[in-house]
Each structure stands twice: as C-alpha cells, then as structure tokens.
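2 protein chains.
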Amino acid sequence: MRVSPDFHEAVELIGKRWTGAIVWALSERSHYFAELTHVVPGLSDRLLSRRLRELESEGVVERNVHAGTPPRVSYALTEKGRALRPAIRELRAWAQRWNGTHS
Amino acid sequence: MRVSPDFHEAVELIGKRWTGAIVWALSERSHYFAELTHVVPGLSDRLLSRRLRELESEGVVERNVHAGTPPRVSYALTEKGRALRPAIRELRAWAQRWNGTHS
Numbered sequence: 016m017r018v019s020p021d022f023h024e025a026v027e028l029i030g031k032r033w034t035g036a037i038v039w040a041l042s043e044r045s046h047y048f049a050e051l052t053h054v055v056p057g058l059s060d061r062l063l064s065r066r067l068r069e070l071e072s073e074g075v076v077e078r079n080v081h082a083g084t085p086p087r088v089s090y091a092l093t094e095k096g097r098a099l100r101p102a103i104r105e106l107r108a109w110a111q112r113w114n115g116t117h118s
Numbered sequence: 016m017r018v019s020p021d022f023h024e025a026v027e028l029i030g031k032r033w034t035g036a037i038v039w040a041l042s043e044r045s046h047y048f049a050e051l052t053h054v055v056p057g058l059s060d061r062l063l064s065r066r067l068r069e070l071e072s073e074g075v076v077e078r079n080v081h082a083g084t085p086p087r088v089s090y091a092l093t094e095k096g097r098a099l100r101p102a103i104r105e106l107r108a109w110a111q112r113w114n115g116t117h118s
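Chains as they are written, first to last, in our numbering: chain A, 16 to 118; chain B, 16 to 118.
Keep in mind the hints are simulated off the structure, nothing from the lab.
One or more of the hints may lead you astray.
Pairs of lysine to aspartate or glutamate residues, derived as DMTMM-like cross-links and limited to a Cα-Cα distance of at most 25 Å, are as follows [to be verified]:
hint, chain 1, residue 1, chain 2, residue 2
1, B, Lys31, A, Glu24
2, A, Lys95, A, Asp21
3, B, Lys31, A, Glu73
4, B, Lys95, A, Glu77
5, A, Lys31, A, Glu73
6, A, Lys95, A, Glu24
7, A, Lys95, B, Glu27
8, A, Lys31, B, Glu24
9, B, Lys31, A, Asp60
10, B, Lys95, A, Glu105
11, B, Lys95, A, Glu73
12, A, Lys95, B, Glu69
13, A, Lys95, B, Glu77
14, B, Lys95, A, Glu69
15, A, Lys31, B, Glu71
16, A, Lys95, A, Glu71
17, A, Lys95, B, Glu73
18, B, Lys31, A, Asp21
19, A, Lys31, B, Asp21
20, B, Lys95, A, Glu71
21, B, Lys31, A, Glu27
22, B, Lys31, B, Glu69
23, B, Lys95, A, Asp60
24, A, Lys31, A, Glu77
25, A, Lys95, B, Glu24
26, A, Lys31, B, Glu69
27, B, Lys95, B, Glu77
28, B, Lys31, B, Glu105
29, A, Lys95, B, Asp60
30, A, Lys95, B, Glu71
Interface residues of chain A toward chain B, partial, derived using beta-carbon atoms under 10 Å [said to hold, decoys possible]:
hint, residue
31, Ile29
32, Phe48
33, Asp60
34, Gly83
35, Pro101
36, Arg104
37, Arg107
Don't be surprised by glycine CBs; every beta carbon is placed ideally from N, CA and C.
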C-alpha cells in the first residue's frame, strides 16, 4: 500500500524544523510573537516569522493585530490547528515514554 | 512554558523528510527494502537507506537479514516504533479530515 499523500503532507508540515514546537506552544494558548521567541529557544526571529507565515498559509495558525503603540501581534491556532492537538498529545506521550531509549 | 526537548526531538525525528512515510508503511507490516522503495515513491535508494539507518539507531526500526542467495533484508518496527502508531493514526485522521482546507 502506498503512503497517502495527505498523510505525507501532514507529517512534513508538522515535522518541518521547529513547526511542531510552535504548534505545541500555541496548543496551550495564544502567544504574542515575543513570547514565542522564549518558548522556542534557539529559533531566530526570522525563522520564527517564516514558520508562522507558513502555518498561516496552511490555515493552522491565525494572526491577530492588537491596536496600540506599537501594535502587538498574537498568534493562535485555528480550528484546523486545534484539530492537531490529539496528534501532538500522542507524540508528546511517546516522547516522554521513550526518550533516551534506543530499543 | 518551554517546549519539552523530548517532544521537540520526537517531532523532528518523525518529521524528517520521508521518515513519517517509512514509519507509516512499517506500521502496517514489515517490508523488504525493495518493497519500501515502492511504498514511498520519489525516495531514492540512497536516502531510503540513510533514513532506515537513522531509525535503526533511534531504536524505532529493526533490520532482519534472511539467508539466501542473495540474502534479503527486511525492516520492521521495534516496540518503541510500534508505540508511535497512535500518533501516526491521529496525524492520518487529521490529514484526511483537513487536507486541502486552509481554514
């Protein structure tokens, strides 16, 4: 049986470097941009922006601009993004159970 | 809250280009090398070998050599690899439900 292209796309989407980490953080609550930079240490602002734009264009993340000086931008999961939670949860459980083991 | 390094590693592991597809195929049954090349079209033998070696070194996949001329090599999930099934299943369900939608 061939691997379904849908599945392949999904796994490549969330597996893209740092994407899983961003979706994990947003699955807890919405975050301002600056907060996300702390949640995901090691990720540059530039790459974080790029990943957020990709997730936005996939319809997984939505961007909200809050009036003010300067305006602040927050990010949240869309309905499609929230639907990823069970998969994230399972991966998290697997990681906790098996991390550091090699058999 | 910071993203757990365990989760980060797990998502980077299965999100590595083609890895999710290989794990998906092996989650159905063990495969000979040549079978895997058909399951995952577009993946070169060289990259498939590399991914299988990585999965082996993570303890997710095991390699079995079958005597014969020439000997044949098959790949199967280990217990750690089989434990990924629920996560794969959730991702698959998500992909089927949401593929092609962007909101």
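Outcome of the hint check:
1. Our distance criterion of 25 Å between C-alpha atoms is met by B/Lys31 and A/Glu24, whose separation comes to about 12 Å.
2. A hinted pair counts as satisfied when its Cα atoms are at most 25 Å apart, and A/Lys95 with A/Asp21 qualifies at roughly 14 Å.
3. A hinted pair counts as satisfied when its Cα atoms are at most 25 Å apart, and B/Lys31 with A/Glu73 qualifies at roughly 19 Å.
4. Between B/Lys95 and A/Glu77 the CA atoms are separated by roughly 35 Å; this puts the pair beyond 25 Å, and the hint is violated.
5. A C-alpha spacing of about 13 Å is found between A/Lys31 and A/Glu73, which places the hinted pair at or below 25 Å, so the restraint holds.
6. Between the alpha carbons of A/Lys95 and A/Glu24 the distance comes to roughly 14 Å, so the proposed pair stays at or under 25 Å and holds.
7. At roughly 21 Å between alpha-carbon atoms, A/Lys95 and B/Glu27 fall within 25 Å of each other, so this suggested pair holds.
8. Between A/Lys31 and B/Glu24 the alpha-carbon distance is near 12 Å, which keeps this suggested pair within the 25 Å criterion.
9. With a C-alpha separation of about 22 Å, the suggested pairing of B/Lys31 with A/Asp60 holds against the 25 Å cut-off.
10. For the suggested pair B/Lys95 and A/Glu105, the alpha carbons sit about 13 Å apart, so the restraint of at most 25 Å is met.
11. With a C-alpha separation of about 31 Å, the suggested pairing of B/Lys95 with A/Glu73 is violated against the 25 Å cut-off.
12. A C-alpha spacing of about 31 Å is found between A/Lys95 and B/Glu69, which places the hinted pair above 25 Å, so the restraint is violated.
13. Distance check on the hinted pair: A/Lys95 and B/Glu77 sit about 35 Å apart at the alpha-carbon level, beyond 25 Å; violated.
14. With a C-alpha separation of about 31 Å, the suggested pairing of B/Lys95 with A/Glu69 is violated against the 25 Å cut-off.
15. For the hint linking A/Lys31 to B/Glu71, the alpha-carbon distance of about 21 Å falls within 25 Å, and the restraint holds.
16. Using a Cα cut-off of 25 Å, the hinted pair A/Lys95 and A/Glu71 holds, with the two alpha carbons roughly 11 Å apart.
17. Straight-line distance between C-alpha atoms of A/Lys95 and B/Glu73 comes to about 31 Å, which puts the hinted pair past the 25 Å bound.
18. The hinted pair formed by B/Lys31 and A/Asp21 meets the criterion: a straight-line CA distance of about 16 Å does not exceed 25 Å.
19. The hinted pair formed by A/Lys31 and B/Asp21 meets the criterion: a straight-line CA distance of about 16 Å does not exceed 25 Å.
20. At roughly 33 Å between alpha-carbon atoms, B/Lys95 and A/Glu71 are farther apart than 25 Å, so this suggested pair is violated.
21. For the hint pairing B/Lys31 with A/Glu27, the CA-to-CA distance comes to about 7 Å; that is within 25 Å, so the pair holds.
22. Taking the CA atoms of B/Lys31 and B/Glu69, the gap is near 10 Å; set against the 25 Å cutoff, the hint holds.
23. The hinted pair formed by B/Lys95 and A/Asp60 fails the criterion: a straight-line CA distance of about 35 Å is larger than 25 Å.
24. Straight-line distance between C-alpha atoms of A/Lys31 and A/Glu77 comes to about 18 Å, which keeps the hinted pair within the 25 Å bound.
25. Distance hint between A/Lys95 and B/Glu24 is fulfilled; the C-alpha atoms sit about 24 Å from each other, no more than 25 Å.
26. Between A/Lys31 and B/Glu69 the alpha-carbon distance is near 17 Å, which keeps this suggested pair within the 25 Å criterion.
27. This hinted pair checks out: B/Lys95 and B/Glu77 have alpha carbons roughly 10 Å apart, not beyond 25 Å.
28. Our distance criterion of 25 Å between C-alpha atoms is met by B/Lys31 and B/Glu105, whose separation comes to about 18 Å.
29. Pair hint A/Lys95 plus B/Asp60 does not hold up; C-alpha atoms about 35 Å apart against a cutoff of 25 Å.
30. About 33 Å separates the Cα atoms of A/Lys95 and B/Glu71, which puts this hinted pair outside 25 Å; it is violated.
31. Hint status for A/Ile29 relative to chain B: holds, with the closest Cβ pair at about 6 Å, below 10 Å.
32. A hinted interface residue such as A/Phe48 counts as satisfied when its beta carbon comes closer than 10 Å to some beta carbon of chain B; here the least separation is about 16 Å, so the hint is violated.
33. The criterion of a C-beta within 10 Å of any C-beta in chain B is not met by A/Asp60, whose closest approach is roughly 17 Å, and the hint is violated.
34. Because the closest C-beta pair between A/Gly83 and chain B is about 25 Å apart, greater than 10 Å, the hint is violated.
35. A hinted interface residue such as A/Pro101 counts as satisfied when its beta carbon comes closer than 10 Å to some beta carbon of chain B; here the least separation is about 5 Å, so the hint holds.
36. With a least beta-carbon distance of about 8 Å to chain B, the hint placing A/Arg104 at the interface is held under the 10 Å criterion.
37. The closest approach between the C-beta of A/Arg107 and any C-beta of chain B is roughly 5 Å, which is under the 10 Å cut-off, so the hint is satisfied.
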